[in-house]
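K.L.:
Sequence:
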Amino acid sequence: MSHEFRLLIDGVERAGSAGRSSEVVDPATGEAIGTVAYATASDLTQAVSVSVRGLRTWSTTSPWERGRILKRAADILRADVEVAARTITREQGKPLVQARLEVQRSADFLEWGGEESRRIADYSVVGRSPGSRTEVQAHPVGVVAAFTPWNFPMALAAKKFAGALGAGCSVICKPSQETPGSVLTLARALLEAGVPPAAISVIFGEPSLISDHLVAAPEVAKLSFTGSIPIGKRLAAAAGARIKTVSMELGGHAPVIVCGDVDPIWAADMLATAKFHNAGQFCLSPSRFFVEASIRDRFVARFVERAEALRVGPGQDPGVEMGPVANARRLGSVEAMVEDARMRGATVLTGGRRLGNEGYFYAPTVLDDVPEEASVLNDEPFGPIAPMLSFTDEAEMLRRANRPEFGLASYVVTHDPVRQRRLIDALEYGVVGVNGPITHNPEAALGGWKESGMETEGGPEILKPYQRTKHLSLAA
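Numbering (the UniProt record's numbering), first residue to last: 1 to 476.
Everything labelled a hint here was simulated from the structure, so no lab data went into it. Everything numeric in this text was worked out from a predicted model, so none of it was measured. Keep in mind that the hints are not guaranteed to be accurate.
Straight-line alpha carbon distances no greater than 27 Å define the calculated DSS-like cross-link-like pairs of lysine-lysine that follow [stated by the list, open to error]:
{"hint": "1", "residue 1": "K71", "residue 2": "K450"}
{"hint": "2", "residue 1": "K71", "residue 2": "K233"}
{"hint": "3", "residue 1": "K450", "residue 2": "K464"}
{"hint": "4", "residue 1": "K450", "residue 2": "K233"}
Pairwise CB distance ranges (calculated) [what the hints assert, rightly or not]:
{"hint": "5", "residue 1": "T273", "residue 2": "E192", "range": "12 to 22 Å"}
{"hint": "6", "residue 1": "D122", "residue 2": "P417", "range": "52 to 62 Å"}
{"hint": "7", "residue 1": "T273", "residue 2": "D80", "range": "21 to 31 Å"}
{"hint": "8", "residue 1": "N402", "residue 2": "G240", "range": "18 to 28 Å"}
{"hint": "9", "residue 1": "R353", "residue 2": "E192", "range": "37 to 47 Å"}
{"hint": "10", "residue 1": "R311", "residue 2": "D80", "range": "19 to 29 Å"}
{"hint": "11", "residue 1": "R399", "residue 2": "T45", "range": "27 to 37 Å"}
{"hint": "12", "residue 1": "E335", "residue 2": "E135", "range": "31 to 41 Å"}
{"hint": "13", "residue 1": "G240", "residue 2": "H471", "range": "16 to 26 Å"}
Just so it is clear, CB atoms sit at the ideal spot from N, CA and C, and this is done for glycine as well.
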């Protein structure tokens, strides 16, 4: 069945005013499953105008009522997990079991944003002169432009909707045109729950046209972006020139430090599962494996064994553990990265090839003897590639682990509490997974260091990036 994914503006789903569209492709087959509408400049102008009206309504809705509505939207998602999960799998490719978890996590974020909305509190301070006081109020920052990617299309949009709507902002969301149905499903749940139609817009189209238009619009007060470092830098610079606040969750290149005191079989099993989750297409993915020399051979052998045992196939098939990469562009990038490593002297221990003749399947790949200059050690792999490295000198290993400009996620695997603390403190990353995979639950804030981001998402401060303060100085 072919679907027509349309723009959502003021509660109405419609085509772009110029009638332009592009195909939405199933990554398991490479075949079109529908079309997605492209917004024009006039469509964007309308979305901004509508969002200003939506802001007036939504920002004056009580925090308690906003919380009720967001929690109701979470319940709506949870009531129809299977349909939403199949939408994600069909357009993004991940196994259904992972898509179901994404829907649940999306609902959790909406619920958390609703709970934190109810906790919005102003505060006052007794003044220095008799009878005076100072009051600080929290206000929504205004219209938010949110840009979300295709790797976790529903969950990453839900994070932004949860924080922005919880704070009382209206939102114009620009998802990837490759995964439109996932975000439209989320938006429909929000509308059904009672979010005013003017408070949320979902638009698709030419990324540069949309970002340039929204950044330039004086009515848009805030940008929230999840994606690559180069695009994040460009958006941040453009927003900074207009004194607009930005939140950025950018790329990662996570070092994994596996110490010699752990069972290499257990460590390899755990880390292989983490590495090939979503075919390695997430910013927290383990991507550079530094294994202490004393256990290196056993760890690598087991990791290869696990990679070869993974069941790869269409995400909707029962028992599949890894689906295709999400698009032809990503497949080409993975192929080029593996070939670059091979040309520079790396050994392909397993994988290193495309699987089948249809869709965008790539074999789980393990590389050895990878030189420092290989692109896989310098650019975010964002695919099912695991380069193995060895170390004996901890200080030198940490220098290599901290070398890139990335500072999002990292991993430490050791049962030695002293060494564990030393490594955690030495890693220049905003997130450290210790003896297990990293999961971003809504109750904890997460953000990158260095060039991997600005501000955080989640946690008790989930609303803060979408708020501004008003300081009242009250005389007697």
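K.L.:
Could you work out which earlier hints the structure fails to respect and list their numbers in ascending sequence?
P.N.:
When the structure is compared with the hints, numbers 1, 2, 5, 6, 11, 12 turn out to be violated.
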